[in-house]
Amino acid sequence: MLRIFPALLLLILSLPHPLWATDLRALVRKAEEQYMGLSSKSRMEMRVRSEHWERTLVMDAWSLGREYFLVRIIAPSKERDVTTLKADKEVWNYLPKVDRVIKVPPSMMGGAWMGSHITNDDLVKANKIDEDYSFSLLEETAEHLLIECIPRPDAAVVWGKIVYEILLPLEIPGKVAYFDEEMQLVREMIFDEVRQIDGRNIPLRMRIQPTEKPQESTMIRYSELDFNIGIDKSFFSLRNLKR
Amino acid sequence: MLLRLASRNLWRNRRRTLLTLSAMVVSLALLTLSLGVFSGMLVDILSSTTEQYHGHLVINAQGYLDDRDMYLNFPSDPELLKRLQQDGEVIGSSERLRGFGLVSHKDRSYPAELLGIRPEMEKTVTKLHSQLIAGTFPSDADPNGAVLGSGLAKKLSVSPGDELVFVTQAADGSIGNDLLIVRAIFSTGHSGHDNSLILVPKAWLQQLMALEGKIHEIALAVRDPLRAAEDAQRLTSQLNDGLKATDWGELLPEMREAIASFDVSRFIFVVILYFATGLGILNTVFMSVMERTREFGILMALGMRPLQIRLIVLLECLLLGLLGTALGLVVGLLLSSYMALVGIDLSGWITPVTYAGGTIQPRLRAIFEQRNFIDPAYMLLLVSLLAGFLPARRAARLQPVAALRED
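Going down the list, the sequences are from chains Z and Y. When we follow my numbering, the leftmost residue of the first sequence carries the number 61, and every step to the right adds one. When we follow my numbering, the leftmost residue of the second sequence carries the number 24, and every step to the right adds one.
Extracted from the complex, chain Y is given alone in its bound form:
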């Protein structure tokens, strides 16, 4: 009976209810949409750093990450690689050797970072092969094919087919030098990588640096990048002494902070928006309670208890909230799926921005993340109940006699 009363009351002043309802729907829909776009940006920037260079986590010799000392290497171990690949969470793995030195073409020379890889393995961890602007990604059989960043290629003025000379000090102190052939040029939007990174065959670099059979790291891709920290901890405990797995959050503390600050700003955003919406609901319910003072007086005179009055008002709010949430979710889903499928391309106006070590692509694109829908929905329900609390209390505290006398 209370429920029926509440729902009837709700539709008595249809226009007012619809207005409040639309405010709820719009705020929830926009909230889910913007959170989706936020998440999209975050995933972009996270994948740009992890899938363009580091991988979700890396295994190195203890201390290597501090200053990338070339002597902190470890032997390439097929057994270890196999064990890693069989891990349920690991979806990709790549052995790498890293070298710093001077790369030169004709009379131009620049410092560069060389990453010795096996192309087919590297493809399982990073996505550089899908960000080529010229040439084709070399195969495993290529003895000296190089893939370099667009900025570096421009500075050296090379294109696929051109030859590069790389010079560095090898691990035995000798002057390592050899020729590379440019096979492809990538452009990630990350100025650091585009301006200094070169992928070369691992065996070629091992020979040049006098580090045969040695590697500096194993980069891994995992199923859920946001849980990479747990994977890193688990893997470290399985590794030999002296080896350590490090997740992207540790590799890029600024990125972890960016994500944490995103969570905070998301919360603030939700609170502000719902505060406004809550005031709107409060207003509606208060008005309807005031209008019905006499009615409540009669109900009470007929024997309805204050608690039941309070419940009626709260039920009205809850119904309004449920309706608003349901509609809001539907509209939000529709808007988000549009933004997820089509998105908005901003590349005409802005260029990629490097932020917190990652790259924000010039596009607005939403992604679906459960909590971007569930959190705002629950909060909207909570807000409607909270907004109903004051009017409900007021209605429950009415004195029947005084209420009846009201105009």
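Just chain Z, same shape as in the assembly:
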């Protein structure tokens, strides 16, 4: 009995927590992966509204797993063919006007991507939420789950915490709130216009709202979305970035 007791205690202490956490992690991961599948091709429209201007970009995007991502601007014509490649942890931009490829340095990862409210860091790290954070359930109702994501001590992330809403029963993202290190709400990401595509439930529209600037926002809307299009790693090369 004495020998079994500590083992039992350990089991009781450790068991419920990881099981639970794995569950939440899988949920978040699933919600994030809905968009990507194994590979995907999409056309999207990004409308950025800032204090001084408003503009709309039309872009084509390709992705492979969570590691590879390529976006090419189609319109407006002034910026046509400006292309961003994300491969693993690096972000590259191709600028057709000067015909040069530029690697985004670590110090600029916090900068805006294409003038939107998405940062380069978002492109690199957003899809790794299940690896960099630990999860706990804040609230559970029939309509949604609220999951609090706290960065792991060793994770190099910019947020203090993220509160992730998963809509039930479809298990798709609803509203994601980002907090800074002082636990102040910095921005919210809101998903809507859910459609079924290739058997997946996908919110086609995503809006990013910086909390401090209510008059500014970035809205991304998918107009076309195809999954499992049969492209491989070689598509996401610097050569293809230039095209």
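Taking lysine to aspartate or glutamate pairs in the EDC-like style, the calculated list, with each CA pair at most 16 Å apart, reads: (1) Z:K101 x Z:D120; (2) Y:K237 x Y:D195; (3) Z:K157 x Y:D201; (4) Y:K129 x Z:D159; (5) Y:K178 x Y:E136; (6) Y:K129 x Y:E186; (7) Z:K157 x Y:E186; (8) Z:K138 x Y:D201; (9) Z:K163 x Y:D130; (10) Z:K138 x Y:D195; (11) Z:K235 x Z:D252; (12) Z:K188 x Z:D148; (13) Z:K302 x Y:D130.
To be clear, the hints were calculated from the coordinates, so they are not data collected in a lab. None of the values given here were measured: they were computed from a predicted structure.
Starting from the structure of chain Z, add chain Y where the hints point.
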């Protein structure tokens, strides 16, 4: 008669007087020299900040300096520029547009601050063109010539003739990007500027940032940088609403504090040195008064009044002080002019130090500043008089009979 008595007394014990005199001369000479070198350092550090980047004062839209918001710009106005150039105090002016973004060469990219300028105008305000370590400063006709800091050039591994790509978000939200050609590389010793500053043609940057005809500031050079605050105030009152002139003291509060603290430490330095010198004088005069107790007794017995005795002693001190001051000033001037003309180069031992936003060059060099001579000279006179006060009082209070009896 009193004066003659005093001067004769002074030379009675020649060796002692000369010793005291030399102490005065040395302290005054060294003081003026070190104050000159101090001032030299101060001017170096002040000019490094103002003449390498800001100018003595800048005119911006209200609020621009807080976070350099690119939208707080104002139209380039030839009328305004002309009016500024006609101002008696303004000796140089330069219109500038500022942009922050990513500069890249081959597979290296770094954040940089771009200053859109017209080279010939910029030369009237800053001295970057005289701090080049490679290449030549571009002319006004150069469409895309860039001058960048040595640290940045090293990080990007570029030299004159190489090409740079600059990317930033333009004022209309679009992605501004274009090519630059490196024309020259400057090295100021200020790590911040050397590592991030690039001068580019104003028109090029205006086009890239979609800010045609707009500028963020007019940098000015004035005749007397130490009075820039007054100029700023005067100019602000003449400017249109929404524009404001700011002097270097406001741009660089730490620099203003450095200069204020210099004034305080100068004062402390003078006080300490003169305290020692004053004690030396006090000692000499006291000794000579003690030696002459009998003599003073006789003078008093002959009818000289205590006030006159006191005056004699004070006059001795004053004469000593005048002599010391004159000689000290001469020696100080000689030493200072050596340090001003030749100086001491320390670059073999130390590298430039960035302090309070400015750069202290590795050299000792004096500059002539009136008050570095006048203040210590007056104070030396004052100290000699103060040092004579006690002995003079003692001599004046002697009782003739008792004094006569003294050994």
